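Participant: Each protein sequence line maps, in turn, to chains A and B. Each residue of the first sequence is one higher than the one before, starting from 1 at the first, in this note's numbering. Each residue of the second sequence is one higher than the one before, starting from 1 at the first, in this note's numbering.
One or more of the hints may lead you astray.
Computed list of chain A residues with no C-beta within reach of chain B, every gap over 10 Å [what the hints assert, rightly or not]:
1) Gly-27
2) Ile-29
3) Gly-31
4) Leu-71
5) Lys-73
6) Ser-74
7) Thr-117
8) Ser-120
Below, in silico cross-link-like pairs of lysine-lysine (DSSO-like), each with a Cα-Cα straight-line distance of 27 Å or less [claimed, not checked]:
9) A:Lys-43 <-> B:Lys-68
10) B:Lys-68 <-> B:Lys-55
11) B:Lys-107 <-> A:Lys-43
12) B:Lys-55 <-> B:Lys-107
13) B:Lys-68 <-> B:Lys-107
Simulated from the structure, these hints should not be mistaken for lab results. Computed from a prediction, not measured in an experiment: that's the story for all the values here. For glycine and all other residues, C-beta sits at the position ideal for the given N, C-alpha and C.
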Amino acid sequence: QVQLQESGPGLVRPSETLSLTCTVSGGSISGHFWSWIRQPPGKGLEFIGHISDSGTTTQNASLRSRLTISLDKSRGQFSLQLSSVTAADTAVYFCARTLPFTWYPYLDYWGQGILVTVSS
Amino acid sequence: QSALTQPASVSGSPGQSITISCTGTSSDLGAYNYVSWYQQHPGGAPQLIIYDVNKRPSGISDRFSGSKSGRTASLTVSGLQPEDEADYFCCSYARSGTYWLFGGGTKLTVL
Numbered sequence: 001q002v003q004l005q006e007s008g009p010g011l012v013r014p015s016e017t018l019s020l021t022c023t024v025s026g027g028s029i030s031g032h033f034w035s036w037i038r039q040p041p042g043k044g045l046e047f048i049g050h051i052s053d054s055g056t057t058t059q060n061a062s063l064r065s066r067l068t069i070s071l072d073k074s075r076g077q078f079s080l081q082l083s084s085v086t087a088a089d090t091a092v093y094f095c096a097r098t099l100p101f102t103w104y105p106y107l108d109y110w111g112q113g114i115l116v117t118v119s120s
Numbered sequence: 001q002s003a004l005t006q007p008a009s010v011s012g013s014p015g016q017s018i019t020i021s022c023t024g025t026s027s028d029l030g031a032y033n034y035v036s037w038y039q040q041h042p043g044g045a046p047q048l049i050i051y052d053v054n055k056r057p058s059g060i061s062d063r064f065s066g067s068k069s070g071r072t073a074s075l076t077v078s079g080l081q082p083e084d085e086a087d088y089f090c091c092s093y094a095r096s097g098t099y100w101l102f103g104g105g106t107k108l109t110v111l
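With these hints in hand, go ahead and build the complete structure from the sequences.
Facilitator: This is how it looks when you write it as structure tokens:
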């Protein structure tokens, strides 16, 4: 059974960098796109970006200037770094996997989500 | 780019059918058939219930069905059951820097 698990700090200070890691178990990294989605409290979902199994990234243009997504296939992990955070970046951050061999927003496995609060 | 437009809430009685609409623009739903729907229970992660407009992943009940006409996609839930009470989100590929555009979500209440 494929499982994804987000990890990282739950509290980040304004202007600092938010860093999260997603660990994949029970399945292969190959053949999928690995995504980050966020959900501000009580609000809808927002696509942050994803990375292919070969390391090619697609990033939401509204976040691109602050965003880095990376992949460590040997460890079965992919990561998110979002710099210069503000209160508007407070959200539950989910990692997720696309259906096999599709670039499109079809996410069949998700992590449980991690709440990241931006506050001093 | 603005989110796709969904009604904030819909409701129905057990056994009834409901439909949730998702309206976009000529840059997303109006141009592409890359549409998915997700169910999210409180405190949980979203679950994929429809992809490619009207396909169901393995294990998803056939009470869930999807369709699309022009700039509007729809999710129909038939034979409502109490466990269907959840938030539902649509998502479309978008010809913009956003790439994947989600709807604002619809809360389904089973009366």
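Participant: Taking the hints in turn, state whether each one holds.
Facilitator: Results for each hint:
1. Every beta carbon of chain B lies more than 10 Å from that of A:Gly-27, the smallest distance being close to 15 Å; the non-interface claim holds.
2. Distance check on A:Ile-29: its Cβ is at least 19 Å (rounded) from any Cβ of chain B, clearing the 10 Å threshold; non-interface status holds.
3. No Cβ of chain B comes within 10 Å of the Cβ of A:Gly-31; the nearest lies about 16 Å off, and the non-interface call holds.
4. Every C-beta of chain B lies more than 10 Å from that of A:Leu-71, the closest at about 18 Å, which supports listing it as non-interface.
5. Non-interface call for A:Lys-73 relative to chain B: holds, since the shortest CB-CB distance, roughly 23 Å, exceeds 10 Å.
6. Here A:Ser-74 stays apart from chain B, with its beta-carbon at least about 26 Å from theirs, past the 10 Å limit.
7. In this structure A:Thr-117 is separated from chain B by more than 10 Å, as the shortest Cβ-Cβ distance comes to about 16 Å.
8. Against chain B, the non-interface label of A:Ser-120 holds: every CB pair exceeds 10 Å, the least being about 27 Å.
9. Taking the CA atoms of A:Lys-43 and B:Lys-68, the gap is about 24 Å. The hint holds against a cut of 27 Å.
10. For the hint linking B:Lys-68 to B:Lys-55, the alpha-carbon distance of about 12 Å falls within 27 Å, and the restraint holds.
11. The straight-line distance between the Cα atoms of B:Lys-107 and A:Lys-43 is roughly 11 Å, inside the 27 Å bound, and the hint therefore holds.
12. A C-alpha spacing of about 22 Å is found between B:Lys-55 and B:Lys-107, which places the hinted pair at or below 27 Å, so the restraint holds.
13. Annotation: proposed proximity of B:Lys-68 to B:Lys-107 holds, straight-line Cα distance about 20 Å (limit 27 Å).
Of the hints listed earlier, there is not a single one the structure fails to meet.
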